[in-house]
Amino acid sequence: MIVKLFGVTREIVGGPLLEVNDIATVGELKDYVMSTYPGIKKLNSLMVAVNSEYAKDDLTLNENDEIALIPPVSGG
Amino acid sequence: MIKITDQPLNTQAIIDSMASPEGGAVNVFIGTVRNVTKGKQVIRLEFEAYEPMATKELTKIMEEAKRKWPILKVAVHHRVGVLDISEVPVVIAVSTPHRAAGFEACQYIIDTLKQTVPIWKKEIFEDGEVWVAAHP
Chain F
305 MIVKLFGVTR
315 EIVGGPLLEV
325 NDIATVGELK
335 DYVMSTYPGI
345 KKLNSLMVAV
355 NSEYAKDDLT
365 LNENDEIALI
375 PPVSGG
Chain C
10 MIKITDQPLN
20 TQAIIDSMAS
30 PEGGAVNVFI
40 GTVRNVTKGK
50 QVIRLEFEAY
60 EPMATKELTK
70 IMEEAKRKWP
80 ILKVAVHHRV
90 GVLDISEVPV
100 VIAVSTPHRA
110 AGFEACQYII
120 DTLKQTVPIW
130 KKEIFEDGEV
140 WVAAHP
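Residue numbers (this note's numbering), protein chains in the order written: chain F, 305 to 380; chain C, 10 to 145.
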C-alpha cells in the first residue's frame, strides 16, 4: 500500500509517497517507519491518518485506504 | 467558509462576507509572518497542507465552535506555499450578535487549528531551515 508523506516526514523519506507491504495495522505502520527511518523516531509525535481521519494504533489497514503520516502540525 | 489556497488572502473580502443583519460584532484574527524566532532572523516561511484532511478538520472545528457559541457566520482561510515576512498565512473571522462570543470563538478556532489541522510550516533562516514543532 501507498503512504502519503508531508512536511518533515516527506523530507526524511525523500519523496511524497512511500510504498509499504505486509502492514496490518496503524501501529505496525508506525513501528515500521520509525525503525526504517530513524529521523521519524526523533520527531515530537507521529500520527497516522486513514481516509483523512486521525487513526488509532489498533485500526486495521485495507489496500484501498488513503493512508498518510502526520508529523507534528504547525499551521497558523 | 473554508479555503486553503496558494494565493494571497483577501482579508477585506473575508470581513465583508461576515455581514449579517443579526450581527453585532465581527471578530477577526490575522496571522502574520514574523521575522524572528528565538532570536534568529527568519527569511521566509514555507507552508504545506494535506488539503482534504485539513478541510475536514477545519470543518469539525467550525462545527464545534457553532455548538459552543451563537455564531452567525464564520470563515477560515489558510495560505500554503512560500510566504515572506509580514505576509498573511491565516485569517479567521467570526460574526456573532455580541462581542464576547466572537473573541472566544476566534481564539478557540486558531488555538485548535494549531493543534489538529494537518498544515505544516518550515522556517527558513540564513544558515538553515526548521520544520516548526517537529522536534523536541
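Hints were generated in silico from the structure; no laboratory data involved.
Ideal placement from N, C-alpha and C gives every residue a C-beta, glycine not left out.
Just to be clear, a hint being listed does not mean it is correct.
[What the hints assert, rightly or not] Here chain F is said to cover these stretches of chain C; the calculated rule only asks that three of the stretch's residues, wherever they fall, bring their Cβ under 8 Å from a Cβ of chain F:
no.: 1; region: 11 to 21
no.: 2; region: 58 to 67
no.: 3; region: 130 to 141
[As the list claims (entries may be wrong)] The list that follows gives simulated cross-link-like pairs (lysine to aspartate or glutamate, DMTMM-like), each with its CA atoms no further than 20 Å apart:
no.: 4; chain 1: C; residue 1: Lys65; chain 2: F; residue 2: Asp335
no.: 5; chain 1: C; residue 1: Lys75; chain 2: C; residue 2: Asp120
no.: 6; chain 1: C; residue 1: Lys65; chain 2: F; residue 2: Glu370
no.: 7; chain 1: F; residue 1: Lys346; chain 2: C; residue 2: Glu113
no.: 8; chain 1: F; residue 1: Lys334; chain 2: F; residue 2: Asp362
no.: 9; chain 1: C; residue 1: Lys131; chain 2: F; residue 2: Asp362
no.: 10; chain 1: C; residue 1: Lys12; chain 2: F; residue 2: Glu357
no.: 11; chain 1: F; residue 1: Lys308; chain 2: F; residue 2: Glu370
no.: 12; chain 1: C; residue 1: Lys12; chain 2: C; residue 2: Glu55
no.: 13; chain 1: C; residue 1: Lys12; chain 2: C; residue 2: Glu73
no.: 14; chain 1: F; residue 1: Lys346; chain 2: F; residue 2: Asp335
no.: 15; chain 1: F; residue 1: Lys308; chain 2: C; residue 2: Asp93
no.: 16; chain 1: C; residue 1: Lys77; chain 2: C; residue 2: Asp25
no.: 17; chain 1: F; residue 1: Lys334; chain 2: F; residue 2: Asp369
no.: 18; chain 1: C; residue 1: Lys47; chain 2: C; residue 2: Glu135
no.: 19; chain 1: C; residue 1: Lys123; chain 2: F; residue 2: Glu357
no.: 20; chain 1: C; residue 1: Lys82; chain 2: C; residue 2: Glu135
no.: 21; chain 1: F; residue 1: Lys308; chain 2: C; residue 2: Glu55
no.: 22; chain 1: F; residue 1: Lys360; chain 2: F; residue 2: Asp326
no.: 23; chain 1: F; residue 1: Lys308; chain 2: C; residue 2: Glu57
no.: 24; chain 1: C; residue 1: Lys123; chain 2: C; residue 2: Glu57
no.: 25; chain 1: C; residue 1: Lys65; chain 2: F; residue 2: Glu357
no.: 26; chain 1: C; residue 1: Lys123; chain 2: C; residue 2: Glu135
no.: 27; chain 1: C; residue 1: Lys69; chain 2: F; residue 2: Glu357
no.: 28; chain 1: C; residue 1: Lys49; chain 2: C; residue 2: Asp93
no.: 29; chain 1: C; residue 1: Lys131; chain 2: C; residue 2: Asp93
no.: 30; chain 1: C; residue 1: Lys82; chain 2: C; residue 2: Glu138
no.: 31; chain 1: C; residue 1: Lys69; chain 2: C; residue 2: Asp120
no.: 32; chain 1: C; residue 1: Lys77; chain 2: C; residue 2: Glu135
Quick rundown of the hints versus the structure:
no.: 1; hint: 11 to 21; in the structure: violated (count 0)
no.: 2; hint: 58 to 67; in the structure: holds (count 6)
no.: 3; hint: 130 to 141; in the structure: holds (count 4)
no.: 4; hint: Lys65/C - Asp335/F; in the structure: 27 Å, violated
no.: 5; hint: Lys75/C - Asp120/C; in the structure: 15 Å, holds
no.: 6; hint: Lys65/C - Glu370/F; in the structure: 14 Å, holds
no.: 7; hint: Lys346/F - Glu113/C; in the structure: 35 Å, violated
no.: 8; hint: Lys334/F - Asp362/F; in the structure: 11 Å, holds
no.: 9; hint: Lys131/C - Asp362/F; in the structure: 31 Å, violated
no.: 10; hint: Lys12/C - Glu357/F; in the structure: 19 Å, holds
no.: 11; hint: Lys308/F - Glu370/F; in the structure: 8 Å, holds
no.: 12; hint: Lys12/C - Glu55/C; in the structure: 17 Å, holds
no.: 13; hint: Lys12/C - Glu73/C; in the structure: 18 Å, holds
no.: 14; hint: Lys346/F - Asp335/F; in the structure: 13 Å, holds
no.: 15; hint: Lys308/F - Asp93/C; in the structure: 27 Å, violated
no.: 16; hint: Lys77/C - Asp25/C; in the structure: 24 Å, violated
no.: 17; hint: Lys334/F - Asp369/F; in the structure: 16 Å, holds
no.: 18; hint: Lys47/C - Glu135/C; in the structure: 14 Å, holds
no.: 19; hint: Lys123/C - Glu357/F; in the structure: 16 Å, holds
no.: 20; hint: Lys82/C - Glu135/C; in the structure: 41 Å, violated
no.: 21; hint: Lys308/F - Glu55/C; in the structure: 19 Å, holds
no.: 22; hint: Lys360/F - Asp326/F; in the structure: 18 Å, holds
no.: 23; hint: Lys308/F - Glu57/C; in the structure: 13 Å, holds
no.: 24; hint: Lys123/C - Glu57/C; in the structure: 14 Å, holds
no.: 25; hint: Lys65/C - Glu357/F; in the structure: 8 Å, holds
no.: 26; hint: Lys123/C - Glu135/C; in the structure: 26 Å, violated
no.: 27; hint: Lys69/C - Glu357/F; in the structure: 11 Å, holds
no.: 28; hint: Lys49/C - Asp93/C; in the structure: 15 Å, holds
no.: 29; hint: Lys131/C - Asp93/C; in the structure: 12 Å, holds
no.: 30; hint: Lys82/C - Glu138/C; in the structure: 38 Å, violated
no.: 31; hint: Lys69/C - Asp120/C; in the structure: 14 Å, holds
no.: 32; hint: Lys77/C - Glu135/C; in the structure: 44 Å, violated
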